[in-house]
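> Chain by chain, the residues run as shown.
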Amino acid sequence: MSTIEQQESDETEAETETETAVESPGDRRRREKAERAVEDEARREAEEAAHEFDEAVELKVFRYDPEVQGKEEPRFDDFTVPFHKGMTVLDALIYSRDHYDSSLTFRHSCRQAVCGSDALFINGRQRLACKTQIADLDGDTIRVEPLPHQEVVKDLVVDMEHFYEQMHAVEPYFDPDELPDDEMEEQRQSRENREKIKMSTRCIWCGACMSSCNIAAGDNEYLGPAAINKAYRFAMDEREGENRKQERLRIVEQEHGVWRCQTQFSCTEVCPKDIPLTEHIQELKRESVKNNLKFW
Amino acid sequence: MYEHDVIVVGAGGAGLRAAIAAHEEGADVALVTKLHPVRSHTGAAEGGINAALREGDDWDLHAYDTMKGSDYLGDAPAIDVFAQDAPEEVVQLEHWGMPFSREDDGRASQRPFGGMSFPRTTYAGAETGHHLLHTMYEQVVKRGIEVYDEWYVTDLAVTDHEDPEDRECHGVIGYEIATGNVEGFRANDGVILATGGLGQAFDHTTNAVANTGDGCAMAYRAGVPLEDMEMIQFHPTTLPSTGVLISEGVRGEGGILYNDDEERFMFEYGYANNDGELASRDVVSRAELTEVNNGRGIEDEYVHLDMRHLGEERILDRLENILHLAEDFEGVDGLDEPMPVKPGQHYAMGGIECDENGATCVDGLYAAGETACVSLHGANRLGGNALPELLVFGARAGRHAAGADMKESEISTGPSAQSEPGDVEPPVEPGAVDAGSDDVAADGAAVEPDEVLEHAVQRERERVESFLEEDGINHAEVRSDVQETMTENVNVFREEDNLRQALRDIRAGRERYQDVAVADPSRTYNTDLIHTMETRNILDVAEAITLGALAREEFRGAHWRAEFQERRDEEWIKHTMLAWNDGTPELYYKPVLLESQWNEYEPKERSY
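Protein chains in written order, with the working numbering: chain A, 31 to 326; chain B, 12 to 619.
It should be emphasised that the hints constitute simulated quantities derived from the structure, not laboratory data.
On a predicted model such as this, the values are computed, not experimentally measured, just so you know.
Even for Gly, the Cβ is constructed at its ideal location relative to N, Cα and C.
A portion of the hints provided could be inaccurate.
[What the hints assert, rightly or not] One-sided and incomplete, this derived list gives chain A residues near chain B with beta-carbon spacing under 7 Å:
no.: 1; residue: K63
no.: 2; residue: A67
no.: 3; residue: V68
no.: 4; residue: E97
no.: 5; residue: T110
no.: 6; residue: F113
no.: 7; residue: G116
no.: 8; residue: S132
no.: 9; residue: V144
no.: 10; residue: V187
no.: 11; residue: P202
no.: 12; residue: M214
no.: 13; residue: R224
no.: 14; residue: W235
no.: 15; residue: W289
no.: 16; residue: T293
[What the hints assert, rightly or not] Rough simulated footprint, nothing fancy, chain B against chain A, three-plus residues with beta-carbon under 8 Å:
no.: 17; region: 145–153
no.: 18; region: 215–222
Work out the full structure, taking the sequences as your base and the hints as a guide.
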């Protein structure tokens, strides 16, 4: 180590000791590493700015990490990504992470629109990053943010716990009155009935609908479009008995259930699996009224 | 520390089924998954579930097709048990509410699939896996089975006996992704590895990004041999730009493959005059690549899969999902134009050696699903056999781990099953990453379960700490170099020189991995750290695949070798086995079982 470096490092240590006397060696190393990471990132950004791509997209990505110095305050980072035809927003995020900043954090897995883990707020709308073609987006810059109305854990990752709780609240499992006597015999379901529930069974639990819903944003107890759709899937399945259906309707017609829906269609609009969520909610409202009329 | 009777690692189809089965046996079960159950890759399965349900069909026929499809590398006891249990499992799934496609009489529909002598593939549109995954997760919710989601299991807690067959598994070490917390999970009765595929060892794969072979690598390092790892299935119809799968269902319904000259090449060039497009996946994959290599491919890369003639109504009824995939990921309207397809890595027939009850040679450690090798699929898995596999063997592993009285297995496992040593001489010493210190077995002669677990937790905490605190290179480059060399050199067509090159590249990757560190110092949702740990697993499984491919000097099923153009039954009806041996892979063989208590199978020549 040269003399100058030695001096600098001595100074750093001295500063550290006076500023935070309780800092452990591990914490200090982590802090120093974070500082270096911020510096490296700045240098990389400068290098990238100097580099010209033939064709490129500009990604503006929301960043936040509650425990890393320089990232506790939410901000946007810009990444320049070389563009090729067929490229999706997820591809661009992966490129940014692997080439510029390995701390860039987002969920993704199947990258074929079935695992539902990469629902994000892209150019002001809830979408699955993996099935959003960059070529289909307007504007020069793509703005990528975490799903609105959800607690941000870090960068683009939101806490899904509340969403899962609402899904579980509707007792999301098949519960027929009786099964065929012969245990090797299937229950019969008409093609028409399967067709009726088909769209509702396509939900991949991505949370886009919940995030787009104004009502859910203001009412934390509202079951939300995904959970109500899940209830619809079972309530409309002819293989479940009438009693069970009434129990299901009781769940969805409670105070924070179907009647909260104001038919704004934003859930239906953003659903990446094209599930007619609003329609399903309306149908459950009708069923619920019919059901109650019987007892009046 | 968390404590349960049975810990299931991975919550895809096999994990969920295992958890339900163990729960039904009265065990306190926990599922530990690095994703959330509904995010598992089982959800991406499209085609269907094979089971002999209808009149005119029989489990014997299903077993026979499976053995023939395996090119006589499957073990008869596994295949027979599989075909016998499958119908009950599928009907049970139906009883759990699975939204199968329906016949006019209301029963679940079945359709023809490649290599099946009867249309016995039950399906739910072209999104069977999605419905299976959600239906089973619903049953897990119904039963109140505990799920630890977004907990990455990084290691097993195994005693450090010299002989793997004396070792015991007492639990797993989990890393909580949201917080960076490392904790032990004590399993009183058993640990079931159900971590799925290893497709991320390749750069063109249908597998999810999460499929990094974690289970295989962990079990391997704990002393359980890996079996038939060279047997990688390449699916003939994946979209060229992303690797997204176009289901075999398209060909099952009558889809046709064309080359650039618009020739129906499966017939015109005689690749499979009996079965055409519905020949086994390995046959179709080789045919497509041969077309491309002979200059009859489109844009020198792919061929066309055409389903337009099936008509809009039929496509929408049975293959609607395919339209969406082609549109979203390739910008092609399948109703209007043919879809571009090429072969891509799809499935690992090999994996963790286990018997037909899921048990490995390490006491208390089980495996099920794609990460396991019972061996059911041998050298080639038939379409529609993966989903019943995870049902049948997930259930059996779950029951066995929970202490149910299973009949004694016919398949023997562990080093004592060895019939002869292997003699592959790799061009470089494969070497180990931190051999010794990184071995799973504890190094303090610990045998008390809590001690073994504590020791393993401590070791993982230190490993995580050093990744976070040290400076080093990014894992991403190491990972992509391995993926590239695997796709380049260990693909559908294999040659000795290429395989040796791949081994050199993997070895170089291992060396660079020693300098890997995590740039992101955060304890909160550190995906940089997760991917870095996964990359280690990718290195281990890539090496095992390549060594197996180098060792097997014949052409069987999915494994084609330029130098050996024949299936060599006298010498090669045996499994390639790799043991960890302190980080240096040790190769040996064990015999294939062509006889079970029900059937005896006579190898027949494959005719196309």
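> Would you mind marking each hint as holding or not holding in the structure?
Each hint, compared with the structure:
{"no.": "1", "hint": "K63", "in the structure": "4 Å, holds"}
{"no.": "2", "hint": "A67", "in the structure": "6 Å, holds"}
{"no.": "3", "hint": "V68", "in the structure": "10 Å, violated"}
{"no.": "4", "hint": "E97", "in the structure": "6 Å, holds"}
{"no.": "5", "hint": "T110", "in the structure": "18 Å, violated"}
{"no.": "6", "hint": "F113", "in the structure": "13 Å, violated"}
{"no.": "7", "hint": "G116", "in the structure": "5 Å, holds"}
{"no.": "8", "hint": "S132", "in the structure": "5 Å, holds"}
{"no.": "9", "hint": "V144", "in the structure": "5 Å, holds"}
{"no.": "10", "hint": "V187", "in the structure": "5 Å, holds"}
{"no.": "11", "hint": "P202", "in the structure": "6 Å, holds"}
{"no.": "12", "hint": "M214", "in the structure": "6 Å, holds"}
{"no.": "13", "hint": "R224", "in the structure": "5 Å, holds"}
{"no.": "14", "hint": "W235", "in the structure": "5 Å, holds"}
{"no.": "15", "hint": "W289", "in the structure": "25 Å, violated"}
{"no.": "16", "hint": "T293", "in the structure": "26 Å, violated"}
{"no.": "17", "hint": "145–153", "in the structure": "holds (count 3)"}
{"no.": "18", "hint": "215–222", "in the structure": "holds (count 7)"}
Hint check: violations occur at hints 3, 5, 6, 15 and 16; the rest are consistent with the structure.
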